[in-house]
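Residue numbers (my numbering), protein chains in the order written: chain A, 1 to 465; chain B, 466 to 881.
Among the hints, erroneous ones may be present.
Said to hold, decoys possible - Derived CB-CB ranges, DEER-like: (1) A:Gln-388 with B:Ala-798: 47 to 53 angstroms; (2) A:Gly-268 with B:Pro-830: 34 to 40 angstroms; (3) B:Gly-547 with A:Gly-387: 35 to 41 angstroms; (4) B:Ser-784 with A:Arg-243: 32 to 38 angstroms; (5) B:Pro-830 with A:Gln-388: 49 to 55 angstroms; (6) A:Pro-109 with B:Ala-656: 40 to 46 angstroms; (7) B:Ile-706 with A:Glu-217: 33 to 39 angstroms; (8) A:Gly-171 with B:Arg-648: 48 to 54 angstroms; (9) B:Ala-507 with A:Pro-125: 53 to 59 angstroms; (10) A:Pro-64 with B:Ala-507: 54 to 60 angstroms; (11) B:Glu-788 with A:Gly-268: 56 to 62 angstroms; (12) B:Ile-706 with A:Gln-388: 53 to 59 angstroms.
Quick caveat, the hints were computed from the structure, so don't treat them as lab data.
Think of the CB as a built atom: it goes at the ideal place given N, C-alpha and C, for glycine as much as any other residue.
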Amino acid sequence: MSQDSSSEVFDVAVIGGGVIGCAVARKFALEGARVVMLEKALDILDGASKGNSAILHTGFDAPPGSLELACIKAGYAEYLDIRERLNLPLVRAGALVLAWTEEQEAALPGLMEQARTNGITDIQPLTAAEALKLEPELAGTLRAAFRVPREHLIDPWSAPHAYLLQAIENGAVLRRDCEVLGGIYDGVAWRLETSRGGVQARLVVNAAGLYGDIVDERLTGRRDFHIKPRKGQFVVFDKTAARLTTHILLPVPSKTTKGIVVCRTAYGNLLVGPTAEEQEDRSVAELVPGALAALRRRGEEILPALAGEEVTAIYAGLRPATEYKDYRIRAHEGKAYITVGGIRSTGLSSALGVARYVQALAVKLGLPAQPLAEPVWPRLPALTDEGQRDWRAAGNAGIVCHCELVTRREVEAAMEGPLAPQTLAGLKRRTRVTMGRCQGFYCSAELAAMTRDRLAVAMTETADG
Amino acid sequence: MADSTPQSCDVAIVGGGPAGLAAAVALRKAGVASVVVLEREAQAGGIPRHCGHYPFGMREFNRVLRGPDYAARLVARALKSGVDIRTSVTVTALNPGGRLGLSTPEGAAELAAKRVLLCTGVREKSRAARLIGGEKPGGVLSTGALQGLVYLNHQKPFSRPVVLGTELVSFSALLTCRHMGIRPVAMVEPASRVTARWPTRLLPKLLRIPLLLDTGISAIHGGSKVTGVDLVTPDGGTRHIDCDGVIVTGAFLPEASLLRASHLAVDPASGGPDIDQFGRCSDPAYFAAGNLLRAVETAGWSWAEGRRAGNTIAHDLKSSLPEPREGLRLVMASDALKYAVPQRVAYPAGSPRSTTKIQLRVTRPVEGRLGLRIDGTELWSKPLSAMPERRLTVPVSMLPDGRKGTAEFFVREQAK
Ligand SMILES: Cc1cc2nc3c(=O)[nH]c(=O)nc-3n(C[C@H](O)[C@H](O)[C@H](O)COP(=O)(O)OP(=O)(O)OC[C@H]3O[C@@H](n4cnc5c(N)ncnc54)[C@H](O)[C@@H]3O)c2cc1C
Ligand SMILES: Cc1cc2nc3c(=O)[nH]c(=O)nc-3n(C[C@H](O)[C@H](O)[C@H](O)COP(=O)(O)OP(=O)(O)OC[C@H]3O[C@@H](n4cnc5c(N)ncnc54)[C@H](O)[C@@H]3O)c2cc1C
Chain A
1 MSQDSSSEVF
11 DVAVIGGGVI
21 GCAVARKFAL
31 EGARVVMLEK
41 ALDILDGASK
51 GNSAILHTGF
61 DAPPGSLELA
71 CIKAGYAEYL
81 DIRERLNLPL
91 VRAGALVLAW
101 TEEQEAALPG
111 LMEQARTNGI
121 TDIQPLTAAE
131 ALKLEPELAG
141 TLRAAFRVPR
151 EHLIDPWSAP
161 HAYLLQAIEN
171 GAVLRRDCEV
181 LGGIYDGVAW
191 RLETSRGGVQ
201 ARLVVNAAGL
211 YGDIVDERLT
221 GRRDFHIKPR
231 KGQFVVFDKT
241 AARLTTHILL
251 PVPSKTTKGI
261 VVCRTAYGNL
271 LVGPTAEEQE
281 DRSVAELVPG
291 ALAALRRRGE
301 EILPALAGEE
311 VTAIYAGLRP
321 ATEYKDYRIR
331 AHEGKAYITV
341 GGIRSTGLSS
351 ALGVARYVQA
361 LAVKLGLPAQ
371 PLAEPVWPRL
381 PALTDEGQRD
391 WRAAGNAGIV
401 CHCELVTRRE
411 VEAAMEGPLA
421 PQTLAGLKRR
431 TRVTMGRCQG
441 FYCSAELAAM
451 TRDRLAVAMT
461 ETADG
Chain B
466 MADSTPQSCD
476 VAIVGGGPAG
486 LAAAVALRKA
496 GVASVVVLER
506 EAQAGGIPRH
516 CGHYPFGMRE
526 FNRVLRGPDY
536 AARLVARALK
546 SGVDIRTSVT
556 VTALNPGGRL
566 GLSTPEGAAE
576 LAAKRVLLCT
586 GVREKSRAAR
596 LIGGEKPGGV
606 LSTGALQGLV
616 YLNHQKPFSR
626 PVVLGTELVS
636 FSALLTCRHM
646 GIRPVAMVEP
656 ASRVTARWPT
666 RLLPKLLRIP
676 LLLDTGISAI
686 HGGSKVTGVD
696 LVTPDGGTRH
706 IDCDGVIVTG
716 AFLPEASLLR
726 ASHLAVDPAS
736 GGPDIDQFGR
746 CSDPAYFAAG
756 NLLRAVETAG
766 WSWAEGRRAG
776 NTIAHDLKSS
786 LPEPREGLRL
796 VMASDALKYA
806 VPQRVAYPAG
816 SPRSTTKIQL
826 RVTRPVEGRL
836 GLRIDGTELW
846 SKPLSAMPER
856 RLTVPVSMLP
866 DGRKGTAEFF
876 VREQAK
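Assemble the whole structure, with the sequences as input and the hints as a guide.
Here it is, written out as structure tokens:
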């Protein structure tokens with residue numbers, strides 16, 4: 001990462017280290033391009049990708065014929081295809097779409113029809129009794145449901161980490177703390193101006209998520225869309241709550257939102273959320289006690305036994321929504337520039353599909369593709385698979401984070417390598433430390449000692465994630 | 466500690482805090498051969514290890530000690546008594562009959578014990594569990610985390626924090642701050658009264674820290690570091706104050722995650738195990754003592770409980786403990802009452818090795834009468850004046866002998 005940044009001309013500069021940018025960087029690297037990723041924050045995954053529900057969507061409820069649907073389907077298929085080689089988790093949960101009112105019940109046939117139109121033909125209509133048999137903890141007021149067997153759960157962080165790590169191990173360069181401020185295209189290459197000096201690249205991909213329109217404005221002088229951040233708050237319950245449901249419990253969506261979901265996490269917790277709240281601010285997702293309490297209540301309405309469970313974490317994310325329903329992905333003629341904007345609420349599922357689509361656009365723009373003959377396949381540490389966790393293995397050096405059973409060796413390993421974290425939040429996303437029920441009561445001191453002088457911001461003065 | 470963890474023992478004690486270490490010593494004194502303490506931290510001693518302040522040790526050592534000195538003495542005494550203390554060993558599963566799943570630096574392991582004593586203590590309720598809003602800046606700490614940073618690492622995480630809560634531990638937080646030259650800008654308490662007893666409550670005045678009653682925190686603000694909090698004021702309004710940290714103190718919960726994931730019965734009211742008057746869990750191979758039973762007591766109290774549990778288990782190993790049997794189940798018939806420990810009483814009050822006291826807690830300040838009812842008949846009532854988080858006990862002798870079913874504790878509150 002120490003090359004003179006102004007002399008090398010990269011093939012592709014990817015702006016933004018969200019899940020989309022990570023997948024795009026990977027795709028170009030595997031297609032033989034020399035890639036640089038520019039991320040303005042101290043670590044990747046600091047924007048919309050910081051907090052989501054972690055569902056790997058089939059696209060059953062996506063708008064038929066949309067680019068979003070195509071990308072979700074391609075992304076879903078590729079995730080299943082590559083996950084074992086990258087050691088990424090998959091919780092085969094399946095989803096139930098639940099109708100609690102007469103009106104919702106009446107909407108089920110239409111939703112099932114939409115699913116079939118979208119090519120998701122293995123859905124199963126269920127009576128309330130059948131659904132309750134599958135999920136006995138569901139409230140008895142259920143009226144009807146249908147099952148989507150292939151809606152699954154993944155880990156929102158290890159997936160993008162793996163994408164970017166694979167890009168890096170196949171030659172990509174990551175620059176963090178590096179905001180793109182402007183740039184000009186001279187007909188051959190872009191000369192980007194960043195907070196850390198100039199960067200040159202033949203093609204620029206704007207994957208700036210919540211700042212996509214601003215980056216467009218900076219580089220092309222105009223905006224084709226406007227980001228309208230939509231906040232989603234979540235409440236996470238302790239691991240004992242995860243036994244209350246196997247399936248992802250989805251409501252019948254309203255016109256504006258997919259509604260409040262109850263599902264397990266890849267780490268064996270249970271989450272309830274998200275809310276859908278429009279706001280102006282692109283960076284601050286404020287948690288609101290009233291909304292969190294309402295989520296808790298909603299969770300208890302769906303799964304009454306949740307009343308006895310402990311909350312271990314609360315968080316909020318911002319969806320990069322726009323005034324349009326579909327994704328805003330577009331190649332700018334004559335500019336060697338591709339905008340990947342408005343990846344609103346399905347980006348974790350669609351990222352690999354978006355990356356394919358973007359790479360195909362780049363070929364049309366004239367960027368040659370020369371797929372690597374033998375790409376490197378890094379393997380991510382097993383944070384979710386109970387059977388493979390490091391605390392079971394010899395030489396783990398002991399457990400540091402007792403709630404999530406994170407070992408010293410896992411923390412040490414995460415602190416090394418090309419994607420080493422710069423902040424506590426980054427370390428948490430890579431290892432799960434302090435993410436459990438005690439939220440640092442037991443391990444803060446030890447972690448602070450372990451990470452002393454090794455993070456860009458000392459642990460005691462860094463954001464919590 | 467060179468050799469690897471044993472595969473079997475007479476008694477395994479989960480947690481090497483005051484309760485676990487006291488029990489271990491008692492077991493050894495009673496002649497039990499192999500007593501193993503399993504402690505997940507690199508050092509035994511429990512929470513007092515990082516409480517670099519007084520007062521600890523009056524009951525145990527007849528003198529007032531700082532937490533770390535107290536912890537060191539407990540450990541030394543246990544080692545001298547021939548207790549096998551295994552540190553950096555985490556118990557990961559409690560299986561029927563006393564079989565434990567472990568994680569050690571050498572990997573997963575198993576330990577089969579004739580009896581297991583659970584002494585895993587408590588933790589403070591986190592900011593997340595309290596659903597406090599705002600952003601998630603760094604510098605929001607529990608007292609436990611603060612003490613670790615200050616006393617173990619000599620780090621100063623902030624200089625002008627707000628302290629939330631007025632329990633005993635909240636005052637520990639003030640002392641910890643003072644030790645590091647940290648000056649809290651306010652101590653806030655959602656209730657109308659200070660929770661801890663006099664004389665502790667004089668501390669804010671002495672340290673000239675504003676004490677704000679009827680005041681909660683609705684939001685914590687900041688980017689990478691706390692910049693301020695929104696307070697909910699007594700009139701229901703909100704007021705922002707600047708600060709660079711928040712210490713979220715108290716509201717302890719038993720560290721019962723291991724228990725909740727196991728076959729053992731948990732009392733949802735106390736958050737700890739469901740035990741009988743001998744400290745025995747629903748699987749009679751398991752016993753429990755110390756703060757795990759209920760949040761929260763002093764180290765001395767937990768130590769005494771541990772010592773009693775050690776003696777009880779020694780008798781159980783010699784088959785001289787009464788068999789578990791059906792008796793009275795104690796339930797709370799008033800929302801002013803939080804829990805009763807033990808939850809089950811089946812033998813007369815004077816039975817050898819029975820606890821002599823039932824520990825109760827209230828959920829809010831209560832003035833009135835506390836009574837007991839069985840099958841709808843009131844057996845007795847007595848005056849009650851109680852505050853949340855404060856010790857409240859009823860002698861086991863106040864329960865009738867030879868009855869089965871449920872015994873309801875109730876409260877008749879005085880009209881305000
Ligand atoms: C509440 C919620 C629930 C969701 N649930 C799901 C789900 O269950 N399944 C699913 O598939 N998807 C889900 N999503 C959607 C998914 O999280 C998003 O679609 C995805 O994270 C968008 O990623 P991105 O890379 O486009 O944007 P971002 O993650 O915002 O990445 C953009 C990056 O660009 C950087 N950047 C911005 N400006 C600049 C600049 N000028 N220079 C350099 N870098 C810059 C930012 O710092 C950021 O890191 C959910 C989203 C939310 C908010
Ligand atoms: C900040 C603070 C200040 C305090 N100040 C005072 C004071 O001034 N005076 C006083 O008398 N009391 C004080 N107390 C209370 C006192 O610390 C407790 O009463 C006492 O520590 C309880 O003892 P214990 O053995 O029940 O639990 P703990 O001391 O909590 O010990 C439990 C032990 O179990 C271990 N453990 C937990 N789970 C596992 C597992 N799965 N595997 C292996 N090991 C495990 C833990 O690591 C810990 O060492 C304070 C408490 C706090 C938090």
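So, going through the hints one by one against the coordinates:
Restraint check, Gln-388 (chain A) to Ala-798 (chain B): a C-beta distance of roughly 49 angstroms satisfies the suggested window 47 to 53 angstroms. Evaluation of the 34 to 40 angstroms hint for Gly-268 (chain A) and Pro-830 (chain B) yields a pass: the beta carbon distance comes to about 39 angstroms. Look at Gly-547 (chain B) against Gly-387 (chain A): about 37 angstroms separates their beta carbons, and that is inside 35 to 41 angstroms. Distance hint check for Ser-784 (chain B) and Arg-243 (chain A): the Cβ-Cβ separation is about 37 angstroms, which falls inside the suggested range of 32 to 38 angstroms.
Here the CB-CB span from Pro-830 (chain B) to Gln-388 (chain A) is close to 51 angstroms, well matched to the stated 49 to 55 angstroms. Checking the proposed 40 to 46 angstroms range against Pro-109 (chain A) and Ala-656 (chain B) shows it is violated: the Cβ atoms sit about 53 angstroms from each other. The given range of 33 to 39 angstroms is respected by Ile-706 (chain B) and Glu-217 (chain A), whose C-beta atoms sit roughly 38 angstroms from each other. A beta carbon spacing of about 52 angstroms between Gly-171 (chain A) and Arg-648 (chain B) agrees with the range 48 to 54 angstroms that was offered as a hint.
Checked against the hint of 53 to 59 angstroms, the C-beta distance between Ala-507 (chain B) and Pro-125 (chain A) comes to roughly 56 angstroms, which is consistent with it. For the hinted restraint 54 to 60 angstroms between Pro-64 (chain A) and Ala-507 (chain B), the CB-CB distance of approximately 58 angstroms keeps it satisfied. A C-beta distance of roughly 37 angstroms is found between Glu-788 (chain B) and Gly-268 (chain A), which places it outside the suggested range of 56 to 62 angstroms. Taking the beta carbon of each, Ile-706 (chain B) and Gln-388 (chain A) are about 47 angstroms apart, not inside 53 to 59 angstroms as hinted.
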